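First to last, the protein sequences are chains A and B. Counting in UniProt numbering, the first sequence runs from 1 upward without gaps. Counting in UniProt numbering, the second sequence runs from 1 upward without gaps.
Take these hints with a grain of salt, some might be off.
[To be verified] Pairs of lysine-lysine residues, derived as PhoX-like cross-links and limited to a Cα-Cα distance of at most 20 Å, are as follows:
1. Lys-89/B / Lys-78/A
2. Lys-103/B / Lys-64/A
3. Lys-74/B / Lys-103/B
4. Lys-78/A / Lys-83/B
5. Lys-78/A / Lys-103/B
Calculated directly from the structure, the hints in this document are not laboratory data. Remember, predicted model here, so these are calculated numbers, not experimental data.
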Amino acid sequence: MPRNSSTPLPPNPKYTDGEKHIHVKLAEKLVATRLTVTDISGGCGSMYAVEIASPQFAGLSPVKQHRMVTEVLKDDIKQMHGIQIKTAAA
Amino acid sequence: MFRTAFRQVATPVLRTQTVAWRRFLSDDLRSQIDKAVKDHDVLVFMKGNKEQPQCGFSRAVVQILQANGVDDFKTVNVLADEKVRSGIKEYSNWPTIPQVYVKGEFVGGCDIIMGMHQSGELQQFLENEGILPKEEGAKQ
């Protein structure tokens, strides 16, 4: 496996456990350059807002970009009521 | 009228089998969804309906379409049928509701529709698809 030149974007120390769990998955799998995960269900872990930028999104439609995110999180999403996603190529 | 398209004919229960997680979508339901998305220029799978959306994200999509001048779109209330609710997620390979189809093509959920609306892209897209009349003298 090729060695990454940089380590995954570290999670915000103020994250809830749920936020951190999601962040870590996305940071690693999608090589995020910017990433914020926010529990918008009042800490219940049932709804999250994800903002993520990744070079892997370059040239892909928004639908395709969102699908990449939901694919990484597919098991977690089963537990959620909803998820909001904002993606950018960077 | 719409819901009859999805009303399941009473069939004997299939013999129990462990199904792979992905097989919620029967061939029958798949072809019903296929037909529905092709039969309607704009079709929204949502929670509730146009008059009474039952979720903020579904409501947002309805309002955005209407704000863009699209009144004549059809909706499917996934809360009325659990099979459609899970089936459409498999059909679209998209885990959330609402889902917007234009001329048989999946366009996106609330986030994407909202983004397109905010950037003006939605208006353009709807004009290009012939859903909205092109504005007179519009710049190319």
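Hints, verified against the model:
1. Lys-89/B / Lys-78/A: holds, 11 Å
2. Lys-103/B / Lys-64/A: With a Cα-Cα distance of about 19 Å, the restraint between Lys-103/B and Lys-64/A holds, given a limit of 20 Å.
3. Lys-74/B / Lys-103/B: holds, 12 Å
4. Lys-78/A / Lys-83/B: holds, 16 Å
5. Lys-78/A / Lys-103/B: violated, 29 Å
This entry does not satisfy hint 5, going by the numbered hints stated previously; all others are met.
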